[in-house]
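Participant: Spelled out from the first residue to the last, the chains are:
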Amino acid sequence: MRKILILSAALATAYMGSVQAEELTGTLQKVNESGIITIGHRESSIPFSYLDDKQKPVGYAMDLCNQVVAAVKKKLNKPSLVVKLVPVTSQTRTALMVNGTVDLECGSTTNSKERQKQVAFSDSYFVTSVRMLVRADSGIKSLDDLNGKPVVTTTGTTSDRYIKQNEQGHSIDVKNVYAKDHAESFLMVETGRAAAFVMDDVLLASLIANNKNPKDFAIVGPALSVEPYGIMMRKDDPQLKRLADETLSTLYKSGEVNKIYDKWFMKPIPPKNITINLPMSEKLKEAIKNPNDVGI
Amino acid sequence: MVLHRYTLFDTTESTMSIIRFNAVNKWFKDLHVLKDVNLSVAEGEVVVICGPSGSGKSTLIRTVNQLETIGSGEIWVNGQNVIDPKTDINTVRADVGFVFQHFNLYPHLTVLDNITLAPIQVRKQPRVEAEALAETLLAKVGLANKRDVFPSQLSGGQQQRVAIARGLAMQPKVMLFDEPTSALDPEMIGEVLKVMKDLAHTGITMMCVTHEMGFAREVADRVVFLDQGEVVEMATPAEFFSAPKSERAKQFLQQVLSPMH
Amino acid sequence: MGHYQWNWAIVFEQVAGTKEYYYQWLITGLGWTVATALCAWVLALVLGSLVGTLRTVPNKWLASLATCYVELFRNIPLIVQLFLWFYVLPEVLPKSAGFWMKQDMPMPEFITAAIGLGLFTSARVAEQVRTGIMALSSGQKNAGLALGFTLPQAYRYVILPMAFRIVIPPMTSEFMNVFKNSAVALAIGVTELTFQMRQITGEYAPGNPIEVMTIVSVIYLILAFSVNRLMALIERRTQVPGYISGGGK
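Going down the list, the protein sequences come from chains A, B and C. Mind the numbering: the first sequence is residues 62 to 357 in the numbering used here, read in order. Mind the numbering: the second sequence is residues -13 to 247 in the numbering used here, read in order. Mind the numbering: the third sequence is residues 3 to 251 in the numbering used here, read in order.
Some hints could be false.
Calculated pairs, PhoX-like style, for lysine-lysine (alpha carbon to alpha carbon, straight line, at most 20 Å) [as the list claims (entries may be wrong)]:
1) LYS236(A) <-> LYS21(C)
2) LYS117(A) <-> LYS333(A)
3) LYS210(A) <-> LYS104(C)
Okay, the calculated beta carbon distance ranges per label pair [unchecked claim]:
4) ALA131(A) <-> GLY19(C): 34 to 42 Å
5) LEU85(A) <-> PHE14(C): 37 to 45 Å
6) ASN9(C) <-> VAL147(A): 46 to 54 Å
7) GLY19(C) <-> THR153(A): 20 to 28 Å
8) VAL48(C) <-> ASP297(A): 52 to 60 Å
9) THR240(C) <-> GLY57(B): 38 to 46 Å
10) VAL355(A) <-> LEU232(C): 49 to 57 Å
11) PHE227(C) <-> GLN90(A): 26 to 34 Å
Just so you know, the hints here were simulated from the structure itself, not pulled from any lab data. Small disclaimer: the values here were computed from a predicted structure and weren't measured. Every residue, glycine too, gets a C-beta built ideally from N, C-alpha and C.
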């Protein structure tokens, strides 16, 4: 009798443990109760997170995020969990995350110390280098070649800081000009209003790939800054953070991530079937080998 | 066509007519509003134009300074053909005072500035001179103490008297009045008519559209009766009021002189 | 969910990696906003008054030319107009002129924005001026003409002084709009207030966008309120004693 009691107690414990090893907290608890998980996506962050020709958000970050969502479904044992997609912009993403509108932000957000005051990041899934886009025939090779020339920065990015920092001690004078978005910054270089466009290399590569004369442009100069991208989530939410990191680690270890990378960076992608053609950088290989969430 | 030619004045070319209509016609689209009007006003003459509403009398008086254009015919004012595109209409207008039914004072200017604006801007009169004249005229119309108020602070009768002073400030050869008392409350009509009578006695040429038959009887040299765009009758007030020749004039007089009116 | 870490002192923080402070950026932005809006407004008042007046003149050619102007500048979205001036015009001009616009023109963003915003606003001002003129009875114009004024004199001394008084309230909102619309100038790279806001809340200080946006909104509010008070003062100063409304009857 006593044995049976112990056995049943042990069975009960085992049963409960298998379903719910721990009490749900944070976002997972919220998602479990509401039956909805909300993904914040970008509309034109090619190839990370953007709308394809059917207005469906797709991209490298979306593919990785969908794996995290699958893991959430599995953990909560809710195969029919509703996935809601909400577009965010670089201005709205932090606020929408903090106020609970979105649960995971899958875009191209730099994991920065500044942002960590408000939100948390998964392990890095991409590492970008800030470099210069110039006209191929301009002869510009380094920042010092920009003396007296206008350099365009997209509003909301920190490229102008690298220019300003480089000016100090180099006795060169660069004119900072600004454009509303990346497409216009590129247009400034294309039409000759700016000599260079300083930006994340991946964005520059995609802009060149989309131009009708890709050979007219070149990405030159050293990396002015190296920035890791992570999936953004709320702070102090260890369960979700662990789940996301574990999901990414699994993809990294299995090599699955290389296939996903090739799909978005080395092969033709929608909507226009253009190939960005940006091989995986050493920095990203490093981050995949040793997953981490260190911000800059 | 009934045209009773007026014979007291000779209307041939040789007389000193200051305004002359030669076969004037005007249409508003299909509506024939002035029909072959022939009319002369001699220098110093006071002519009252009357007729039922819609007879074209306001239109007629407004063609004199071309606030209304005409379809055919000629209008001569001060020896200038105002229909001729070569005529500088502004110089013609400067010599022809016009008093409107609704006064049309400039609301943003004081009484004094209303009166001096045109002499200063059009005649290029020195301000001091223009203001001195304005004050004399204001005294004449009995509003010497109102020089610095704005039109909206005046009664209708007072506004119309300012409007008359404004017209006179240009020292015109002719004064035209377009129903000057029709928009006034009855108790204010008298003060305006008095100013007009005083003016008539100065010997200035006046052409006046009005329903005030008392005024016509008292000061007009001639009455012109207009009906449906036609000059139906032209006569001295004595003739016109005692023995109108046409049926239409008789009917009109019956209406305007009836005690009910 | 709210774990937003409020930090209103963000604007007094130093910009990492520079010697600048965020509040300095906002002050610079405010300066460009005011400069752009005021230059555009002066241009809009001059052109708008002229075009609005021309729409009411008897000459059919001039009037329809003015109508075309208004329809053109009023109906094309402001951002598109700025794009056309800034990006398209230099490409369609002769090569040397286009090159000058892109390379040698002083303050190309600011001048393009001030002129573009000025032209856009002038079409709206023209409509207000026209409405003001139409609100006056034709008797006003006739009273001027009858005294021997030329048409320009009648407009100058009789019609426009009243028309402008009538349209002060709608002009107040146009004047306020020009400040709000000046934010569009960031599209061609004018470093005005909204630009600075986007710059700060972008990658520079992404942690506290709500504070920066709030502060910038308050600055716009203060600008709009100042314009409103200024126009109210003008309205009081130019008020005609005893005049209520309507065409001088």
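Participant: Under the constraints set out in the numbered hints, which ones does this structure not fulfil?
Facilitator: 6, 11
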